[in-house]
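Student: Each chain, written out:
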Amino acid sequence: EDQVTQSPEALRLQEGESSSLNCSYTVSGLRGLFWYRQDPGKGPEFLFTLYSAGEEKEKERLKATLTKKESFLHITAPKPEDSATYLCAGVNFGNEKLTFGTGTRLTIIP
Amino acid sequence: DAGVTQSPTHLIKTRGQHVTLRCSPISGHKSVSWYQQVLGQGPQFIFQYYEKEERGRGNFPDRFSARQFPNYSSELNVNALLLGDSALYLCASSSLWGVGTGELFFGEGSRLTVL
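Chain order of the listed sequences is A and B.
Per my numbering, residue 3 is the first one in the first sequence, and the count goes up by one each step.
Per my numbering, residue 126 is the first one in the second sequence, and the count goes up by one each step.
Worth double-checking, as some hints may not be accurate.
[As the list claims (entries may be wrong)] Stretches of chain B that chain A covers, calculated by requiring three or more beta carbons in the stretch to come under 8 Å of a beta carbon on chain A: (1) 163-169; (2) 173-184; (3) 231-240.
Rather than coming from a laboratory, the hints here were simulated on the basis of the structure.
Positions of the beta carbon are idealized from the N, C-alpha and C atoms, including for glycine.
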């Protein structure tokens with residue numbers, strides 16, 4: 003069964019303190035690895051898609067990377083508005099469903 | 126342009142009752158997916174519809190059903206509600222028949238509480 007595991011569950015950082023969020027996956031025949039951001043009481047908002055090991059995507063203070071077994075979301079010099087839950091999801095070639103991890107709740111303290 | 130809209134935003138039901146949740150996708154999007162998100166967990170796939178046909182189903186009991194209408198809006202129905210059905214129900218639309226690039230556009234969800 004496909005599985006996506008995220009760590010840590012929660013992370014508190016001072017404003018400007020860089021860090022990384024981890025997503026490890028066991029998705030047979032991985033077709034794509036996705037990152038979403040979810041604010042409290044809202045639906046997830048798409049951030050990145052990664053297709054192959056070695057691929058990197060960047061958006062503002064966020065950079066997503068992918069290896070054969072895991073993905074990292076690096077956040078550089080975060081600001082309070084980056085506080086949210088970050089969700090990782092995988093999809094395989096066999097179906098069209100996203101398998102989500104439980105997320106990392108990120109809090110940036112001013 | 127309007128995003129994905131869901132209704133109702135909040136509702137409270139008692140065990141054994143039936144609920145219908147509604148979703149209107151982004152204009153021009155023909156694919157709608159439903160996800161269940163229990164508090165503190167990631168979303169879990171329930172159904173996907175494309176061009177009014179079911180294209181995928183997750184591991185949910187037959188109490189859960191859905192349909193898509195000619196205008197591409199969708200309904201999720203849950204019968205014989207259980208306490209464990211309490212969750213945020215998310216609808217997502219995309220312009221592609223499948224997950225494709227992974228850019229699903231989610232609505233803000235319908236929060237269901239079962240007492």
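Student: Each hint should be assessed against the structure and marked as holding or not.
Tutor: Results for each hint:
Chain A is given as covering the stretch 163-169 of chain B, and this holds because 5 residues of the stretch bring a CB closer than 8 Å to a CB of that chain, at least three being needed. A count of 4 residues in the stretch 173-184 of chain B with a Cβ less than 8 Å from any Cβ of chain A is obtained; the coverage claim is therefore met, three being the minimum. With 4 residues carrying a beta carbon less than 8 Å from a beta carbon of chain A, the stretch 231-240 of chain B meets the three-residue requirement, and the given coverage holds.
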